[in-house]
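Let's have the full structure, built from the sequences with the hints guiding it.
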Amino acid sequence: MKNFVLIALCLSGCDTPTTGVVLNAFTDDTEVSKVWWATTLFPDPLSPGETSAEQRLVPTSDTAYALLSRKGSLIAVTSNNPWQVARSETLRIELAPGTIAGDCSAGSTLTPEVAEVITRRVFPSEFIGKNYDPATCAVTEAADAGP
Amino acid sequence: MNFTRVLFCVVSTSAFAHTADVGFGASADAGVDFDPPELKTSVEAEYPPDALRQRIAGSVGLELLVNEQGKVVDLRVTESAGHGFDEAASVAARQYVFEPATMNGVPTPVVVKYTSVFTPPVDAPLVLVPTAPMTTTVLAQRPISAASSFSVRDRDFALRPIGSVQDILRVTPGLVMVQHSGGGKANQYFLRGFDADHGTDLAISIDGVPINMVSHAHGQGYTDTNFIIPEVVEKVEVTKGPYFASQGDFATAGSVNMLTRDDFEHSSVGLGFGGSPGHGAPTYRALLIASPKLENVTATFAAEAGRANGPFDNPEQWNRYKLFNKITFHPTVNSDLSITEMSYGGDWHGSGQIPARGVEQGLISRFGSIDPDEGGDSARHQLSVQYRLRPTDKSELKAMLYGATYRFNLFSNFTLNLRDPDNGDEIEQVDRRLFYGGKVSYRVIQELGTWRFDSSIGADLRSDDIHEELWSTVHRTQLSTSRNNDVHQTFIGLYANEEISPTRWLRFNLGGRADSISFGVDNRLSSADPTAPKSGVGGAVQLSPKLSAIVTPVSLENAQLDVYLNYGHGFHSNDVRGVFSSPSVNPLTRAIGEEVGARTRLFNRWDFAAALWQLDLANETTWSGDDGTTGVNAATNRYGVEFETRFEITKWLAADLDVTFTKSQFSQDRANGGGLALAPKQTWSGGLSARHELGPGVLRGGLRFYGIGDRPASDDGALVAPGFTQFDVHVGYRHRRFDVALDIENLLNGNYRSAQFATTSRLRTEPALGSPVPAGFNCGSKGRLVASANGSFAGCDDVNFTPAYPFTARLTATVFLD
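Order-wise, the sequence lines are chains A and B. Heads up: the first sequence begins at 1 in the numbering used here, then just goes up one per residue. Heads up: the second sequence begins at 1001 in the numbering used here, then just goes up one per residue.
These aren't lab readings, by the way, just hints derived from the structure by calculation. The reader is advised that the hints may include incorrect statements.
Sample of chain B residues lacking proximity to chain A, with all beta carbon distances greater than 12 Å (derived) [stated by the list, open to error]:
1) Pro1292
2) Phe1301
3) Leu1401
4) Ile1457
5) Leu1494
6) Val1815
For lysine to any residue, the following SDA-like pairs were computed, each having C-alpha atoms within a straight-line distance of at most 20 Å [said to hold, decoys possible]:
7) B:Lys1394 <-> B:Asp1336
8) A:Lys130 <-> B:Pro1421
9) A:Lys130 <-> B:Ser1771
10) A:Lys130 <-> B:Ala1768
11) A:Lys130 <-> B:Gly1770
12) A:Lys130 <-> B:Asp1336
The beta carbon of each residue, even a glycine, is placed where N, CA and C say it ideally should be.
Quick look at the structure:
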């Protein structure tokens, strides 16, 4: 009987897909515009306190990349540590001042290399024709760099 | 007289289900005055020519339902012998007339148990018919026009691990199939130097109803056999090459026709459970078969439901149901009519084709996924009516009609983040269609002196009403559409074939067919995309001559040899949307094949066949459903040799081996040695099969292997799709009341790749398109960098693959209900 129950449970639950959500845990007016983790894009903007739609993931460990929007300015950030999820579990990526790096207003900056990955590779469309300064989190028009 | 019979009688009240095991002449109940039936008129069963030629013996167990008038109104095979014996015995037994049984003086229906024993006489004249598709049992001889043509019965493929219809198709020598991006998607087929993608150059049908989809949203000839319940397939007919007048569209490399059962020996309930230890999630399956024994009508109902997950990190969750309903009856004594309905619905998640560098760099495991939203859903419902009339014992008329509806939504991501770095390159392909058609053929055998003429004429009709779309999507949400077409296309084919046998050792086969396609495409998009197909109507005609000669130089008791020479034209159609695209394509691509082959049987236990063949294709044109464009490539040439052998080691143990070597190339060297991407160069398959009585039942088993050699993944051969050899095991035990089977796939747990493609793609964290390539960046150890003219990054050209299943076990238990 015990085996039967185990098999029944397995049949109904063993193939639960691995999923994930993003939580905007900021308490100010910071909006999470987009998040990329491992192989999955979370495309929808999240207001503070809001949780994204659940997406399918693959079980792995990776750094999350995100774009924050604060007062109309874009801020490129990464997670401080890799987020990891096991098979059939739900990953909860919590973006808050304490879990990210690169928010200049909090005194955290990215290296130019990491900023390049985020702004030119992961979220390129937001930075077409623009330059991003990881030291100040300022976005400037590329033309400002001169002819 | 080629055979003897042993007759037993069993008495029941009226139906098979109530059979009582009582010996001939015994009373059914004590105190009841029972007189058993008495055979008044018997008809000699015709010895199946294949079996006679090979001097194969067999015995067929039958149960005959004899009515109050003494007529055989129904029968069923209780012990199958294969090799055409079942049909021959059944045809003869239906013509028996009994003095009816009586109970207390009143005629009563009874069930007669009957064993028909076929023993080939030593001095039997050799029939010049080697193994051939046996589509009829009344006509004694079926023309054979190529060494590479044969049929396989369920008795043979029952010794193989059968988890799906694809496993049954593996009985075709030289045909290698691999799983492709999720269980609900069609397989990848490789045959005679063709990477037939999903079926472009291999015509696959069931009961003559075509499975290949013309102008399909995912790819021309898309062949999804997932709607078929494997257990209902009784027989597989295989041809290779364009030499058969009855074969039309897609039958360039070959054709496979599956024939379904009229009924089952038992009604049954089966449950299956399996999985890959350490990988993925379990797979399970339930199957119900009801085969009621009705008077004058043979009926079968089968229903399958299941959920499959595979070994993938992203569980497939392939939920599916399948239905099979078939009734067969005899409107007259010399005709039969079958009505068959099949239904399928399924949805799944696929792991796609993952880039080798993604696994190598640790981004995902080999069972991982870059886009876990891949997958889709599909449904097919078809109805067919088959009619067969035998006006005389030398002629046959066959006609069939079919109609089907089809639904298909597929989410894929091949280039990952190359074309749309922001949302990713996920696409959705949509196909909705209604297709219908029919076939009619007439065959007659005439003899003038020693000359024998076997004449066939026939006609095919198929019409498809299609609506298809191509969307860019993210997380299965539609963003924009780039294709939206209504397509209607109709095929009409006429063919004739004359087999002339002036002597016993010589035959000629003259045939040909004329095919016409007419079509219309309606582009429903108003976009100015120059690559989008335009609206228009068109048509094309092709004549395809066929010619064969068959010589039998050796015809001894322990050695027979047949030598064949074949020449024929065939074709595959192209996606008609490509006719109105730029560059445009011809709707029909001509194939010209030549073949010389031999088939021999030695010592009544060793079969060996070899074929040397060549096939020229007018152009290697493909419709790329993945980006909605047409690819026009130059003419190609393929040639190769095939070897097949079967050896009966003992009465209960047999071995077989099939090996093919193929050279595929563009007819004109394109500065790359004529290399042709993905064309298989070597394939092999074989194994040991055993069946032996054990206790009250029969133990069966098979150790099988199949494989494919390394092949170029790109035309220039710089990228290589590694080959593999996979071993599978099947062990089963069948008892009167139950059947248990254990299948093991990939016994040695090899890390093989199934479907493989050279694809230019971009992972999200790889350099942005058009940006300088960073120092030290590479596309993995086997991939290569794609750069634009100014040296900027344009993607990675890498082998994207679907992993083969690791060690996978599947246990199936079946209980017979009657």
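Right, here's what the structure says about each hint:
1. Pro1292: holds, 31 Å
2. Phe1301: holds, 25 Å
3. Leu1401: holds, 41 Å
4. Ile1457: Per Cβ check, Ile1457 (chain B) is outside 12 Å of chain A; nearest 53 Å; holds.
5. Leu1494: holds, 51 Å
6. Val1815: holds, 17 Å
7. B:Lys1394 <-> B:Asp1336: holds, 16 Å
8. A:Lys130 <-> B:Pro1421: holds, 16 Å
9. A:Lys130 <-> B:Ser1771: Holds. Lys130 (chain A) to Ser1771 (chain B) sits at ~14 Å (cutoff 20 Å).
10. A:Lys130 <-> B:Ala1768: holds, 14 Å
11. A:Lys130 <-> B:Gly1770: At roughly 15 Å apart (the allowed maximum being 20 Å), Gly1770 (chain B) and Lys130 (chain A) satisfy the hint.
12. A:Lys130 <-> B:Asp1336: The given pair, whose Cα atoms are some 76 Å apart, is violated under the 20 Å limit.
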